[in-house]
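Asker: Taken in sequence, the protein lines are chains A and B. According to this note's numbering, the first sequence is numbered sequentially starting from 1. According to this note's numbering, the second sequence is numbered sequentially starting from 1.
Don't take each hint at face value.
[To be verified] Simulated DEER-style distance windows between Cβ atoms:
| # | chain 1 | residue 1 | chain 2 | residue 2 | range |
| --- | --- | --- | --- | --- | --- |
| 1 | B | Ala278 | A | Ser134 | 54 to 62 Å |
| 2 | B | Val275 | A | Ala145 | 35 to 43 Å |
| 3 | B | Leu289 | A | Pro57 | 27 to 35 Å |
| 4 | B | Leu336 | A | Ser134 | 40 to 48 Å |
| 5 | A | Glu200 | B | Ala278 | 49 to 57 Å |
| 6 | A | Arg221 | B | Thr361 | 54 to 62 Å |
| 7 | A | Thr33 | B | Ala278 | 24 to 32 Å |
| 8 | B | Val275 | A | Pro114 | 46 to 54 Å |
| 9 | A | Ser132 | B | Phe10 | 14 to 22 Å |
| 10 | A | Gly59 | B | Gly325 | 51 to 59 Å |
| 11 | B | Phe10 | A | Arg101 | 25 to 33 Å |
| 12 | A | Ser132 | B | Leu289 | 23 to 31 Å |
| 13 | B | Ala278 | A | Arg35 | 34 to 42 Å |
[Unchecked claim] Derived coverage of chain A by chain B (criterion: at least 3 residues anywhere in the stretch with Cβ under 8 Å from a Cβ of chain B; other residues may be distant):
| # | stretch |
| --- | --- |
| 14 | 34 to 43 |
| 15 | 126 to 132 |
It is worth saying that the hints were derived from the structure and are not from the lab. C-beta atoms are modelled at their ideal positions from N, C-alpha and C, and glycine is treated no differently.
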Amino acid sequence: MRPLCSEANCSPMSSHLIAAQTRAVTKSFGSGTSRIEVLHEVNLDAYESEILMLLGPSGCGKTTLISIIAGTLTPDRGEVTVLGQELHKMSKAAITKFRARNVGFIFQQFNLIPTITCEENACVPLLIQGMSMSRALPHAREMLAQVGLQEHMKKRPNQLSGGQQQRVAIARALVHKPRLIICDEPTAALDAENGRMVMELFRSLIRQPGRCALVVTHDHRILHFADRIATMNDGKIIESVPTEEFDFEHHQ
Amino acid sequence: MFRLALKMLFGDSAKYLMLVFGVMFSTFLITQQSSVFCGLMLWTTAIIKNAPAPIWVVEKEVKQVNQTIAMRDTDLGRVRSVSGVEWAMPIYSGVQNVRMTNGSLTVVQLIGIDSTTFAGAPMRIIEGGIDALRQPNAVIVDDLALQRLSPDPKTPLKMGDTFEINDQEARIVGICKAMRSFTGGPFIWTTYDRALSYAPPQRKMLSAILVSPSAGHNLEGVADAIEKDTGLKAYLNTGFKESPRDFNTATIFWFIKNTGIPISFGTTVIVGIIVGMAICCQTFYLFVLDNLKHYGALKAMGASNWKLCRMLLIQVGVVGFVGYGIGLFLASRFGLFALQNQQPPFFMPDIIPFAVLGVITVICLLSSFLGILRVSLLDAAVVFRG
Numbered sequence: 001m002r003p004l005c006s007e008a009n010c011s012p013m014s015s016h017l018i019a020a021q022t023r024a025v026t027k028s029f030g031s032g033t034s035r036i037e038v039l040h041e042v043n044l045d046a047y048e049s050e051i052l053m054l055l056g057p058s059g060c061g062k063t064t065l066i067s068i069i070a071g072t073l074t075p076d077r078g079e080v081t082v083l084g085q086e087l088h089k090m091s092k093a094a095i096t097k098f099r100a101r102n103v104g105f106i107f108q109q110f111n112l113i114p115t116i117t118c119e120e121n122a123c124v125p126l127l128i129q130g131m132s133m134s135r136a137l138p139h140a141r142e143m144l145a146q147v148g149l150q151e152h153m154k155k156r157p158n159q160l161s162g163g164q165q166q167r168v169a170i171a172r173a174l175v176h177k178p179r180l181i182i183c184d185e186p187t188a189a190l191d192a193e194n195g196r197m198v199m200e201l202f203r204s205l206i207r208q209p210g211r212c213a214l215v216v217t218h219d220h221r222i223l224h225f226a227d228r229i230a231t232m233n234d235g236k237i238i239e240s241v242p243t244e245e246f247d248f249e250h251h252q
Numbered sequence: 001m002f003r004l005a006l007k008m009l010f011g012d013s014a015k016y017l018m019l020v021f022g023v024m025f026s027t028f029l030i031t032q033q034s035s036v037f038c039g040l041m042l043w044t045t046a047i048i049k050n051a052p053a054p055i056w057v058v059e060k061e062v063k064q065v066n067q068t069i070a071m072r073d074t075d076l077g078r079v080r081s082v083s084g085v086e087w088a089m090p091i092y093s094g095v096q097n098v099r100m101t102n103g104s105l106t107v108v109q110l111i112g113i114d115s116t117t118f119a120g121a122p123m124r125i126i127e128g129g130i131d132a133l134r135q136p137n138a139v140i141v142d143d144l145a146l147q148r149l150s151p152d153p154k155t156p157l158k159m160g161d162t163f164e165i166n167d168q169e170a171r172i173v174g175i176c177k178a179m180r181s182f183t184g185g186p187f188i189w190t191t192y193d194r195a196l197s198y199a200p201p202q203r204k205m206l207s208a209i210l211v212s213p214s215a216g217h218n219l220e221g222v223a224d225a226i227e228k229d230t231g232l233k234a235y236l237n238t239g240f241k242e243s244p245r246d247f248n249t250a251t252i253f254w255f256i257k258n259t260g261i262p263i264s265f266g267t268t269v270i271v272g273i274i275v276g277m278a279i280c281c282q283t284f285y286l287f288v289l290d291n292l293k294h295y296g297a298l299k300a301m302g303a304s305n306w307k308l309c310r311m312l313l314i315q316v317g318v319v320g321f322v323g324y325g326i327g328l329f330l331a332s333r334f335g336l337f338a339l340q341n342q343q344p345p346f347f348m349p350d351i352i353p354f355a356v357l358g359v360i361t362v363i364c365l366l367s368s369f370l371g372i373l374r375v376s377l378l379d380a381a382v383v384f385r386g
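Just chain A, with the same shape it has in the complex (with noise of 0.2 Å):
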C-alpha cells in the first residue's frame, strides 16, 4: 500500500509503505450537554519499520487514537486502514480476528496474569488464535530467551521485577510475530533504568521490516528510541515529525 499522506502533519517518509492510517477520524464520548469530542479529523500515518511515538498532554487523545487503530473502539467518522485492512469497513468479529493475528500489545500496566507462569503469559495471543499450549510453549520459551528470561520461564509474575515483567510483556506482544505493536506508556510503571533497558530491548527486537510500533509516552526520556514522533493536543496532531527533526528542548 502506498502512502495517502497529504496533509501538513503527515510524515515526510514517503517512500516507506504504510502500516496504519486515520483520516478525518473523529470521536466523541457521552451524549448531549456531556459529550466531549476527544478526537478531531485526526489524520495520521505510520510507516512498516518505523517506531512512532504519540506524545501530548493527558487527555489529549493519544490513548483513544491508539484504540481506534487497535480496533479496540471504532470511531465516529473517518477512515482507518490498518496493514491495508480498513477497519471501518468491518464487522467487530473481523475486527477481533484481525486483531487476534496481527496486533500485539504492551500496557502500562503489564497486564500479565498473575496466576500463571511467564512462560504461559507469554502464550496467550497464540492460545487465542487456537493454538494449543504444548504447541504455543515452545514460541513462548523461545521468545522469552530473545528477551533474556530464559532463566525465569517458570516463575510467575508477581516473582519478577517491574522491568522483568514488562520484559514478559514484551514477549507477550511479539510471540505471534505481529506486524503492529501498540505500546500504552511502557515504560511509566518502570523506573529510568529499567525504562532504559526495556526501550533498547524493545526497539532491537522491533526492528524487522514490516513492523510498525505505535508507542504512546509521556516519558520525554525514550523519545530518542522513536523513528519518528507525533505530538498531539486538544485532539487533533499539532506535528508529526521525524525524531532528528524533534524540538526536544522545546517539548522539556
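Position chain B against the provided structure of chain A, taking the given hints into account.
Answerer: Structure of chain B alone, referenced to chain A:
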C-alpha cells in the same frame, strides 16, 4: 484457553474454595434433605413392606396404612367369598406398649398374622424360624427391637429372652430384618390370636385382610370385585406409583398432603438452593471482577466474547463438578451412616442425584451469567485507560 481458564481459577485458591464450598453445601443439603424426606416417606409404608401381600383390604374410610379402623371379623369371610380370591388372611396391626425388665415402657408396632399360613410374615428371618411362632407366648422381633427393648443398649436382647407386652409375657423365638416404622418403634410379629390377647380388647379388632388373587385373575379385577361385593377398600401392593390404587402411593401422598413434613424438608431444600446460589453468584462475580482487567486484556488481544464466555463456563463448570462430587460423596457417607445406624431415615432414589445435578447446573449457569454479561459488555479499550 481452557487450561488458561483453569489456571486462572485455581490460582485464586480462596475464591475457588469458596465456590466449591457453595456448590458442595447446596449439593449436600439438597441431596441429604431430599433423601431423608424420601426415607421418611418410605418408613410410612413400612407395615406394607414388612407384611407383604398382593392386596390389602381395609375399612373403606382408611386412607393410609398407619390409619387403623378396625373391621368386623365377619368381613374376613365376606372377602374370602369374593370370586377371584385365592386366599384372604386376617392381620392385626397396632402400636402397643412393651414393658422392659427395668420397668420402663417403649412402644412397638405389633403385627398379628394368621398362624396357619403365616401370611404377612417377615421376609428376612435371620435367627429362629417362623414355625416357632406356634409356641406359647412366641414373638419374632426385628433387630432394632433387640436394642430398643433391652434395658441396657450395650447388652441387646437375644433369642429366648422375654419381655412384657401390655403386662403379658412375650418370648423371642426369631429375629428378622425389617424396615423401620414411621413411629420409630420396632416391629414385633406374633400370631393373630395372640396379638388380640396382647392388645387391649375392643369390639372390633381386625385391622386388615391380606388377599392374594387366584391364578388367572389380575390384581385390579380382584380388588374391584372385593370393593363391589363387600363395600370395603381394597388397595394393591404394587410399589410406589405403579398403580393408581397402590397402598404405598396412597400412604405417601396422604402424608405429603396432611402433614407439614414436605413443607419442612422443602424449606430446607430451598434454603440450600438459595444459600448455594448466593455464595456461588457472589463469589464468582467477585472472581470475574477481580480478573476483569485480564479479561479486558485478553479481549484487546483478540479473544472473542464467545471464547471468553467459554472460559467462564469452563471455570464455573469445574467448580460445579468438584463441588457436586464432594457434596454427593458427603451425602452418600451420611446415608451410609444412617443406614448402618438405622436412623435417620435415608433413601436416595436414582432421580435425586440427577435432579440435584440439574439444580447445581442452574446455580452454576446463573452464577456465570452475571460474569458473562459483565465480560461481554466489557470494552476492550478499557485496558488502555489504566
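Asker: Can you let me know if the beta-carbon spacing of Glu200 of chain A and Ala278 of chain B is within 49 to 57 Å?
Answerer: 52 Å, holds
Asker: Taking the CB of Arg221 of chain A and the CB of Thr361 of chain B, does the distance hold inside 54 to 62 Å?
Answerer: With Cβ atoms ~55 Å apart, the hint holds.
Asker: Is 35 to 43 Å right for how far apart the beta carbons of Val275 of chain B and Ala145 of chain A are?
Answerer: Violated, at about 50 Å.
Asker: Can the suggested window of 40 to 48 Å be confirmed for the beta-carbon pair Leu336 of chain B and Ser134 of chain A?
Answerer: 42 Å, holds
Asker: Between Thr33 of chain A and Ala278 of chain B, does the C-beta distance stay in 24 to 32 Å?
Answerer: Once the Cβ atoms are compared, 41 Å apart, the range 24 to 32 Å for Ala278 of chain B and Thr33 of chain A is violated.
Asker: Under 8 Å between beta-carbons, do enough residues of the stretch 34 to 43 of chain A, three at least, approach chain B for the coverage claim to hold?
Answerer: n = 0 at 8 Å, threshold three: violated.
Asker: Is 23 to 31 Å right for how far apart the beta carbons of Ser132 of chain A and Leu289 of chain B are?
Answerer: 29 Å, holds
Asker: For the range 54 to 62 Å, tell me whether the beta carbons of Ala278 of chain B and Ser134 of chain A fit it or not.
Answerer: 39 Å, violated
Asker: Can you take a look at whether the stretch 126 to 132 of chain A is actually covered by chain B? Rule is 3+ residues, C-beta closer than 8 Å.
Answerer: holds (count 3)
Asker: Mind checking the hinted window 34 to 42 Å against the Cβ distance between Ala278 of chain B and Arg35 of chain A?
Answerer: About 40 Å separates the Cβ atoms of Ala278 of chain B and Arg35 of chain A, which means 34 to 42 Å holds.
Asker: Should the hint that Gly59 of chain A and Gly325 of chain B are 51 to 59 Å apart at their CB atoms be regarded as holding?
Answerer: Once the Cβ atoms are compared, 53 Å apart, the range 51 to 59 Å for Gly325 of chain B and Gly59 of chain A holds.
Asker: Given the hint of 27 to 35 Å, check if Leu289 of chain B and Pro57 of chain A actually sit that far apart at their C-beta atoms.
Answerer: With a Cβ separation near 31 Å, Leu289 of chain B and Pro57 of chain A satisfy 27 to 35 Å, so the hint holds.
Hint check: violations occur at hints 1, 2, 7, 8 and 14; the rest are consistent with the structure.
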